[in-house]
Amino acid sequence: MAAGKTENGAGVSLDRMIQPMLLLLILKKPTHGYELIQSFNALHEGEIVEPGTIYRNLRRMEKEGFVLSSWEAAESGPARRKYAITGEGIKALQEAMLKLKQQKRQIEDFLTEYDILATRGSINEN
Amino acid sequence: MKTDPNALKILHAGALRKPIKECIHILWEKYPNLKVELDYAGSRACAKAVAEGKIVDVIALADYQVFNDLLIPRFVDTSFVFATDQMVLAFDEFSTDRNKINEQNWMDVLLGNPTIKYARSDHPCGYRTLILWQLAEQYYHRPGLYQALENGWSNLYPKSLDLAMALMEGKIDYGFEYLSVAKQMNLPYIQFPPEINLSDPRFADHYARAKVTIEGNYPGLETVIVGAPIEFAVAIPKNSNQKELAQEFIEILTGPRGEEILEENGLIPC
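Those protein sequences? They're chains D and W, same order as listed. With full-length UniProt numbering applied, the first sequence corresponds to residues 1 to 126, in that order. With full-length UniProt numbering applied, the second sequence corresponds to residues 1 to 270, in that order.
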């Protein structure tokens, strides 16, 4: 997956899909980092992302205005910072989705070209 | 000790010493003449002091469970989770076998050389160490490892910070420590896998398989501690005389500048 932001520079980082995935999870259900770490890695089984990376991305996205946090007290536990997506966050998620679709097409085109050459026997290490 | 009624009184776990002091400096930017009384101890000792009548405005502990166990609801309404950490095995540049020990063989090094002294601190870093040993027994498929480690430790220190000092002074060779404290004291350390280092909410159910029994809130009573990811929490006790100032301090600790300070001190703000 290519790293970087969406084309107008205002969107989320697409690096390792962390920010779009977090925005998607928060859009589905506003929640706290602890729970996001659990659901993120369940959804993203191929690559384990460390808790610190997820917390740092949440804070970064809050600074950029994509999410907003507030303290939520649990019935029998401590209060934790709960994240909700903002209008800017939804816009950034839409931009990320368009960019990812474009990347998906590029990857599919690349794989198609490769398969054609492989079928013809044109890929030879020697 | 005689206290100033106008001072902001902060009681905190030893592991938080450095970040708390740095956050006070930010508060002093707004209130240069503010008197701050800072006191620290092990987290359970801090909570017991408040339960026994000590008046403080902010209490910051290394485990939110200590609030639930000793202070909520009688002395504190709610605690706020603000940082996470992980357990590591810290040592010193002069520790015996420091060049031999690694992430795979640490238990063999600790148990294999009778001259090596390894230690733990009192709770909660202490019960987290015991939980880590239980999880290590399963993770490395080493039956009896927990008991062997439990039988072999040489020293018990009141706070994780005391353990780090003992390492620096050469009193012990290895100590089961918070990563943040090891980083703050510039100690070398070995990291454990997330399955046992108590850092990762993904493994919350797995950590919960480990349990230790510690002395309870009253003599003769016992408390069972269940393994859980490490979470530091802060609160304003009900008997605080400086609730507004206390709130401002917590906003600094949990705000952008506090987050930078926590990160610089090896904690993960959350």
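These aren't lab readings, by the way, just hints derived from the structure by calculation. Beta carbons are placed, not taken as given, at the ideal position from N, Cα and C, and that holds for glycine. Do not rely on the hints blindly, as some may be mistaken.
To be verified - Simulated crosslink set (BS3-like; lysine-lysine; CA at most 25 Å straight-line):
1) 243(W) <-> 100(W)
2) 29(D) <-> 99(D)
3) 117(W) <-> 82(D)
4) 54(W) <-> 63(D)
5) 48(W) <-> 30(W)
6) 211(W) <-> 18(W)
Claimed, not checked - Computed from the model, here is a short list of chain W residues facing chain D with C-beta under 10 Å:
7) 64
8) 65
9) 69
10) 75
11) 78
12) 84
13) 86
14) 153
15) 156
16) 200
17) 204
18) 252
19) 254
20) 259
21) 270
Should the hint that residue 254(W) touches chain D count as held when the rule is a Cβ pair under 10 Å?
-> holds (8 Å)
Let me know if the C-beta of residue 204(W) comes in closer than 10 Å to any C-beta of chain D, holds or violated.
-> holds (7 Å)
Should the interface hint for residue 86(W) be scored as holding, given a Cβ-Cβ cut-off of 10 Å against chain D?
-> holds (9 Å)
For the pair supplied as a hint, residue 48(W) and residue 30(W), is the alpha-carbon distance within the 25 Å limit?
-> violated (32 Å)
Would the stated hint for residue 65(W) survive a check requiring a Cβ distance to chain D of less than 10 Å?
-> holds (9 Å)
Given residue 252(W) as an interface hint, is the shortest Cβ-Cβ distance to chain D below 10 Å?
-> For residue 252(W), the interface hint is violated, since the closest Cβ of chain D sits about 15 Å away, which is over 10 Å.
Take the C-alpha atoms of residue 54(W) and residue 63(D), compute the straight-line distance between them, and say whether it is at most 25 Å.
-> Not OK: residue 54(W) and residue 63(D) at ~38 Å, beyond 25 Å, violated.
Return the status of the interface hint for residue 84(W): holds when the least beta-carbon distance to chain D is below 10 Å, violated otherwise.
-> At about 6 Å, which falls below the 10 Å cut-off, the nearest Cβ of chain D leaves the hint on residue 84(W) intact, so it holds.
Residue 243(W) and residue 100(W): Cα distance at most 25 Å?
-> violated (52 Å)
Residue hint residue 156(W), partner chain D, criterion CB-CB below 10 Å | This interface hint is violated because 28 Å lies over the 10 Å limit.
Mind checking the CB of residue 78(W) against every CB in chain D and telling me if the closest is under 10 Å?
-> Since chain D brings a Cβ to about 5 Å from residue 78(W), closer than 10 Å, the hint holds.
Any CB of chain D closer than 10 Å to the CB of residue 75(W)?
-> Hint violated; residue 75(W) Cβ to chain D Cβ min 15 Å, cut 10 Å.
In summary, the numbered hints that this structure violates are 1, 3, 4, 5, 6, 9, 10, 14, 15, 18.
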